[in-house]
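This is what each chain is made of:
Number of protein chains: 2
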Amino acid sequence: MSSAEQPHVVIVGGGFGGVAAARALGKAPVRITLLDRRNHCLFQPLLYQVATAILAPGEIAPSVRQLVHKQRNTTVGLLEVTGIDLAGRRVLVNYVGDEMQSLPYDYLVLATGVQKSYFGHDEFAEFAPGLKSLEDATAVRARVLRAFEIAEMEIDPSRHRDLLTFVLVGAGPTGVELAGALVEMTRMTLKAEFRRIDPASARIILVEGGPRILPAFAEELSRKAADRLRRSGVEIRTGKHVERVDADGVVVDGERIVSRTVIWTAGVTPSPAGKWLAAPTDYAGRVNVEPDLTVPGLPNVFVVGDTAHFEQDGKPLPGVAQVALQQGRHAGRVIESRVAGRPAPPPFRYFDKGNLAVIGRNFAILESGRLRLTGFPAWCVWAAIHLAFLPAPGNRLMVMRQWVWTYFTRQLGSRLILERKDGR
Amino acid sequence: MSSAEQPHVVIVGGGFGGVAAARALGKAPVRITLLDRRNHCLFQPLLYQVATAILAPGEIAPSVRQLVHKQRNTTVGLLEVTGIDLAGRRVLVNYVGDEMQSLPYDYLVLATGVQKSYFGHDEFAEFAPGLKSLEDATAVRARVLRAFEIAEMEIDPSRHRDLLTFVLVGAGPTGVELAGALVEMTRMTLKAEFRRIDPASARIILVEGGPRILPAFAEELSRKAADRLRRSGVEIRTGKHVERVDADGVVVDGERIVSRTVIWTAGVTPSPAGKWLAAPTDYAGRVNVEPDLTVPGLPNVFVVGDTAHFEQDGKPLPGVAQVALQQGRHAGRVIESRVAGRPAPPPFRYFDKGNLAVIGRNFAILESGRLRLTGFPAWCVWAAIHLAFLPAPGNRLMVMRQWVWTYFTRQLGSRLILERKDGR
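Order-wise, the sequence lines are chains E and D.
Per our numbering: the first sequence ends with 424, consecutive numbering throughout.
Per our numbering: the second sequence ends with 1424, consecutive numbering throughout.
One chain only, chain E, in its complex shape (with noise of 0.2 Å):
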């Protein structure tokens, strides 16, 4: 069989699941189209650490071509889904250069993930930038230590307490992990820097509207990591909502808290790719799916990761990189069951290594089954689990490297405010 005549697999989006359903068909007879719309795959779940400036950018997001050049079936290439036909068989996509094209395809993997989500709030969106993209995490950067700058030159000290006032909305583990980040900053990294103000005197205050913070954890270790956050300094608020985020602030349950910099760590919602199949969706907007991970109705087309509804022991799985991969791979094993005429492997089943937030240095929380870990332990394990899950093994040196400089220099290591102004 030619290469041409071989089935065609569209793969849409780069991140966990997406490269996973790729390397999971790289000997498959198959052609494959990888399309994104960035040239990365980001690791989300350290993009707060470059939000506080211990990573660089490039450390946590190796290129989507780099990650499969070595596969030869492989086509990657930097487009924007648009729609999907289903009755032509064709993915519809925003060509780069401004022109519509559509790409056919036998087999359809939708691995589009997420988009941050103000909640039918966008006007929120203006003064409290979300943490889902890199441009989201430098653009963090720049306004946490824009505030500290603005602060010491700042000759109206009336202004100092406003400015350093930090409120981060979602207790969820982004917004856990970045106050844990932010305060050790705070506190230890720029002490020695500043003239005219004290930067450990910064507020940090973490607004939840739920009950506790971080929800999918035991209320144990949620109550240890909330211990541990404001034995740092961090302030906690749970229980409350955030009405309005504006210029001056955030009004918390009718309290206005003054603050430049309100970073939201909230919500977030599923890509479109629901509305593209007209599929079933759950009330997020995530598309339901066949024990396969196929669409109902829709053999060829698989949804996989964040934008898919899955069921597990009568409870949805979580949006976490885990997952994704590994319905990717799976999506990729069905796919090259089905082409090489072969029985379809068992129905997908989660296997749950478990959930662990970091709170600053030295300290995270862990539960996996029964296993329950606090402390340096749990932290240990953090470390070693997201060294070994980067996808790039130079990237894998860089962070550790990077990671052994800040802990024992306590010095950051990439915090530039870059200018945006040329609209590129």
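If you're looking for bench data, these hints aren't it; they were derived computationally from the structure.
Mixed in with the good hints there might be a few duds.
[As the list claims (entries may be wrong)] Subject to a maximum C-alpha distance of 16 Å in a straight line, what follows is the list of computed EDC-like cross-link-like pairs (lysine to aspartate or glutamate):
no., chain 1, residue 1, chain 2, residue 2
1, D, K1070, E, E193
2, E, K70, D, E1336
3, D, K1027, D, E1290
4, E, K116, E, E126
5, E, K315, E, E336
6, D, K1240, D, E1220
[What the hints assert, rightly or not] Reference listing, derived: stretches of chain E covered by chain D, where coverage requires no fewer than 3 residues with Cβ under 8 Å from a Cβ of chain D:
no., stretch
7, 77 to 83
8, 168 to 174
Heads up, the beta-carbon is just placed ideally off N, CA and C, and yes, glycines get one too.
Based on the hints, put chain D in the right spot on chain E.
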């Protein structure tokens, strides 16, 4: 003497000259305020390596604050200077928080460097980004990488040639080093990663108005560099003038070269320091300075580096990092001796350590006094010197690691295409 009564030294510019001046005064009984509109000290000689994805932006740009944080007498301010009130001895600044303020000074050191110049053709800027700032370098990197991405997805092969034609305007060190790195990137690192295009087919055209490339070097060395570039695949066109730059490419002496990626490596113009001071300048706008680097008639105002015009042995000093560094240090020493009431140091004299340019891996040219080196020995000297002069020890390690990595794996270090729609 209490610290408030100590003389106040304001240094404008956190590049080589400004940081060297601040460091020279690190133990002097003065208060220093070091101002820059950027938070980082840019190592410009390696900017072309960021543009070609070898190094990450943070690796060549430590924060100014970090570079001087051990000097308790030094305050760093992220401010943009807009002018000087000579009568009132105040520096006018554009406060980051949007208010106008001014800072009084007893001594003033202007180390404000150069900006890129399109020689009166500012309309070229839209189509041909320059290479003077980190933002420039990441913009060039994005354009170059995106050209390959667009070509890979382009169905009409007749457009591949235009997409893969890169024109560099200006064959000084920046143009030559960028050409060398680009040709290597297309011939080596990107080779195996594309399926529909052959990156090695890319044309790299270096256009120079003068009769030869690298005019600051001896003719023999400039010829060897040109030979090396040509053998690697670069097309060199000397004695040719760029008449037009637009969306379709360039017009060179009447000939249209169709290209989607034109990079301006030609001209620079001094900062407006001369205008601020209403001081006599040379034809280019550099401030003529006295043998002690002060401005004639303004004994408390020093101008150093690229924005100063200083003649030695009948020739103006070149605009290179070493001149800025040595002049900044000298200005600091003059101020220190005056504050201490000691006799002034002897007039400034530049110690020329030589001139170096690198062309790809393993090849450089070096000229120092009568010494002339080419090839691998010169390249070793180049690498050692650049590492030695990176301003922060952490960066030195990172850059060395990255070079070794790139050298042996032929993989690029930092190839992000970031979008900049948020305007920050």
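So, going through the hints one by one against the coordinates:
1. Restraint check for D/K1070 and E/E193: satisfied, since their Cα atoms lie roughly 8 Å apart, inside the 16 Å limit.
2. For a cut-off of 16 Å, the pair hint linking E/K70 to D/E1336 is broken: about 60 Å separates their Cα positions.
3. Proposed proximity of D/K1027 and D/E1290 is contradicted: the alpha carbons are some 26 Å apart, above 16 Å.
4. A threshold of 16 Å between alpha carbons decides the hint, and for E/K116 with E/E126 the separation of about 13 Å falls inside it, so the pair holds.
5. A threshold of 16 Å between alpha carbons decides the hint, and for E/K315 with E/E336 the separation of about 28 Å lies outside it, so the pair is violated.
6. The suggested pairing of D/K1240 with D/E1220 is violated, with an alpha-carbon distance near 21 Å, which exceeds 16 Å.
7. For the stretch 77 to 83 of chain E, the proposed coverage by chain D is satisfied: 3 residues have a C-beta within less than 8 Å of a C-beta in that chain, meeting the threshold of three.
8. Given a C-beta distance limit of less than 8 Å, the hint that chain D covers the stretch 168 to 174 of chain E is violated, as 0 residues qualify and 3 are needed.
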